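**Student:** Position chain B relative to chain A; hints supplied.
Going down the list, the sequences are from chains A and B. Residue 1 is where the first sequence starts when you use the UniProt record's numbering, and the numbers rise one by one after that. Residue 1 is where the second sequence starts when you use the UniProt record's numbering, and the numbers rise one by one after that.
Source of the hints: derived by calculation from the structure; they are not laboratory data. Worth double-checking, as some hints may not be accurate.
The list cannot tell twin chains apart, which means a pair is met if one copy fits it or any two copies do.
To be verified - Taking lysine to aspartate or glutamate and the EDC-like style, the derived pairs with C-alpha atoms no more than 16 Å apart in a straight line are: (1) K46 - E91; (2) K142 - E109; (3) K142 - D277; (4) K125 - D161; (5) K46 - E27.
Small disclaimer: the values here were computed from a predicted structure and weren't measured.
2 protein chains.
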Amino acid sequence: MPDLDRMGVTAEALAQMANTPDPRMREIMAAAIRHLHDFAREVDLKPDEWLAGIAFLTAVGQACTPFRQEFILLSDVLGLSRLVNVMHDAEGREAAGTETSLLGPFFREKAPEFQAGESIAATDKGGEEIILFGQVTDAEGKPLPGAEIDIWQVDATGLYDLQANDAEHMDMRGRFRTDAAGRFHMRTVKPMGYSIPMDGPVGQFVQRQNRHGMRPGHIHILVQAPGYRELVTALYMADDRNIDSDTVFGVSQSLVVMPEKGLPDAPRSDLPAIRYDFRLSRLAAGETGGRVGADPSQILPAAQ
Amino acid sequence: MPDLDRMGVTAEALAQMANTPDPRMREIMAAAIRHLHDFAREVDLKPDEWLAGIAFLTAVGQACTPFRQEFILLSDVLGLSRLVNVMHDAEGREAAGTETSLLGPFFREKAPEFQAGESIAATDKGGEEIILFGQVTDAEGKPLPGAEIDIWQVDATGLYDLQANDAEHMDMRGRFRTDAAGRFHMRTVKPMGYSIPMDGPVGQFVQRQNRHGMRPGHIHILVQAPGYRELVTALYMADDRNIDSDTVFGVSQSLVVMPEKGLPDAPRSDLPAIRYDFRLSRLAAGETGGRVGADPSQILPAAQ
Numbered sequence: 001m002p003d004l005d006r007m008g009v010t011a012e013a014l015a016q017m018a019n020t021p022d023p024r025m026r027e028i029m030a031a032a033i034r035h036l037h038d039f040a041r042e043v044d045l046k047p048d049e050w051l052a053g054i055a056f057l058t059a060v061g062q063a064c065t066p067f068r069q070e071f072i073l074l075s076d077v078l079g080l081s082r083l084v085n086v087m088h089d090a091e092g093r094e095a096a097g098t099e100t101s102l103l104g105p106f107f108r109e110k111a112p113e114f115q116a117g118e119s120i121a122a123t124d125k126g127g128e129e130i131i132l133f134g135q136v137t138d139a140e141g142k143p144l145p146g147a148e149i150d151i152w153q154v155d156a157t158g159l160y161d162l163q164a165n166d167a168e169h170m171d172m173r174g175r176f177r178t179d180a181a182g183r184f185h186m187r188t189v190k191p192m193g194y195s196i197p198m199d200g201p202v203g204q205f206v207q208r209q210n211r212h213g214m215r216p217g218h219i220h221i222l223v224q225a226p227g228y229r230e231l232v233t234a235l236y237m238a239d240d241r242n243i244d245s246d247t248v249f250g251v252s253q254s255l256v257v258m259p260e261k262g263l264p265d266a267p268r269s270d271l272p273a274i275r276y277d278f279r280l281s282r283l284a285a286g287e288t289g290g291r292v293g294a295d296p297s298q299i300l301p302a303a304q
Numbered sequence: 001m002p003d004l005d006r007m008g009v010t011a012e013a014l015a016q017m018a019n020t021p022d023p024r025m026r027e028i029m030a031a032a033i034r035h036l037h038d039f040a041r042e043v044d045l046k047p048d049e050w051l052a053g054i055a056f057l058t059a060v061g062q063a064c065t066p067f068r069q070e071f072i073l074l075s076d077v078l079g080l081s082r083l084v085n086v087m088h089d090a091e092g093r094e095a096a097g098t099e100t101s102l103l104g105p106f107f108r109e110k111a112p113e114f115q116a117g118e119s120i121a122a123t124d125k126g127g128e129e130i131i132l133f134g135q136v137t138d139a140e141g142k143p144l145p146g147a148e149i150d151i152w153q154v155d156a157t158g159l160y161d162l163q164a165n166d167a168e169h170m171d172m173r174g175r176f177r178t179d180a181a182g183r184f185h186m187r188t189v190k191p192m193g194y195s196i197p198m199d200g201p202v203g204q205f206v207q208r209q210n211r212h213g214m215r216p217g218h219i220h221i222l223v224q225a226p227g228y229r230e231l232v233t234a235l236y237m238a239d240d241r242n243i244d245s246d247t248v249f250g251v252s253q254s255l256v257v258m259p260e261k262g263l264p265d266a267p268r269s270d271l272p273a274i275r276y277d278f279r280l281s282r283l284a285a286g287e288t289g290g291r292v293g294a295d296p297s298q299i300l301p302a303a304q
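With the rest of the complex left out, here is chain A:
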């Protein structure tokens, strides 16, 4: 038995994990151990700091409910979600595919289906009504008829339907399909910026870092067509005051938009409109189309 010094502990931990049957798990955990131990050595982590970390992670886990995924939120504010996103995006992506953004914790499967031109707002809660229209194509610009476009966003209260009291009722989300020319057209309201949930451990953590905790106003979008990589993205409002300091690092230049009247092909002239064309990358051989984030019900604890 070796006496374990500060480097020896790492060697011993790696040795104990060396027989992991799954080679990818072995690789990931070996890297995780090295970086975790390097981190602890670099900052000379003290027992009370270690304990504070244990208490924090415990609180994050305990804050998860069927309607709230606090660990995804933590990953988001640490920039990890965006990093995984960026790497996934870069890998084998066709040059012209639309950039992706974070799925976030508020996506829900089976949102209501709408016809072209309809609004996803069930009731008028204020806010500026806008149009979102454009075309879904492949990376070379070939139109994709029948593609499904899921959109979801906060209403003028700054909350998602999942955060409202009646979480069973869906609002401000919907599914549209492209027409024979790959075109789509929908109405919604201009999304306002909002704070991440600040009443849990991650919110407290962000406050202790003097961060505003705000996301610039955005519309979440998921586009799917058979044979193409699922596109998870979002469109960000150019005039939001936090457009340059999204607390979850979701904004990309190519995803910043501004609703305006008088656009050439706008289906209506009485409302400000955003034109955005989505370009899907083909699935690579063997790829099933991983998604950064998922239906929260798959990873959340069951309702008590």
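**Tutor:** Same frame as chain A, but now just chain B:
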């Protein structure tokens, strides 16, 4: 707004945390971000792997109860607890202080008090009765009268009292005091090796790594005397089959012992005995005596 590539995300995350008022929190989180992102880049972490990690950490947090700290267990099997321990030990430690070991999740404050020679076993559950005796001194060998020695261990069922059905009832733990010459003497049973809890997410994780999940038999010991650094250690049984592969990396050569009859100063000759002298280091100026681990009630969720 910069477009974030795989390095840019890290820079942006560090920039958003740069105004953290607490300098130590700023330092720790900056290092954590760098190592976390380096890890993700090194293994090219995929969305589904990221999600599996989120689900795992969520399950670990949800497994914590007032009587179970699954995140400490995770830290233990990753070698992090031992590493923090080793670093704390090395820092300003006087040459001759006894080596430390992990506190573990089963320590409880206010264990029953015993007189010298009494047994911590409330009832006979089998197992080999043994004696533990010795002296508590400072690092130079000066005896410390009135030092408090807390010991706790599994009984012959391989469970701690906290793991038994009636968790309110304390057993196989107790507090002793040294006499005027710093001597102590207690009876217990030879501890058997045991498995970490395998019915939770950390147990499943260890099984997927083909690890046995066993700890060699050991007696936990906490020694306290005013003005000295609290000593958290354990004594490990030399003949345990897993003495060289403790799943939480707690064993040090200097802490391996073997009960035997016929020791020179043994207070009784009819039972096998372990003689162990504990040497305490003085508290450094300003040091309050951090403990690796703590009373679980301080960091566990409140009972529902």
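**Student:** Using 16 Å as the alpha-carbon threshold, which applies to K46 and E91: within, between, both, or neither?
**Tutor:** between (39 Å within a copy, 10 Å between copies)
**Student:** Should K125 paired with D161 be assigned to within, between, both, or neither, using CA atoms and 16 Å as the limit?
**Tutor:** within (13 Å within a copy, 57 Å between copies)
**Student:** Reference check for the pair K142 and E109, CA-CA at most 16 Å: within, between, both, or neither?
**Tutor:** For K142 and E109, the Cα distance exceeds 16 Å both inside one copy (27 Å) and across copies (70 Å).
**Student:** Up to 16 Å between alpha-carbons, please classify K46 paired with E27: within, between, both or neither.
**Tutor:** The answer is between: 13 Å across copies meets 16 Å, while 28 Å in one copy does not.
**Student:** Between the shortest in-copy and the shortest cross-copy C-alpha distance, which are at most 16 Å for K142 and D277: within, between, both, or neither?
**Tutor:** within (12 Å within a copy, 80 Å between copies)
Going down the numbered hints, you'll see the structure goes against just number 2.
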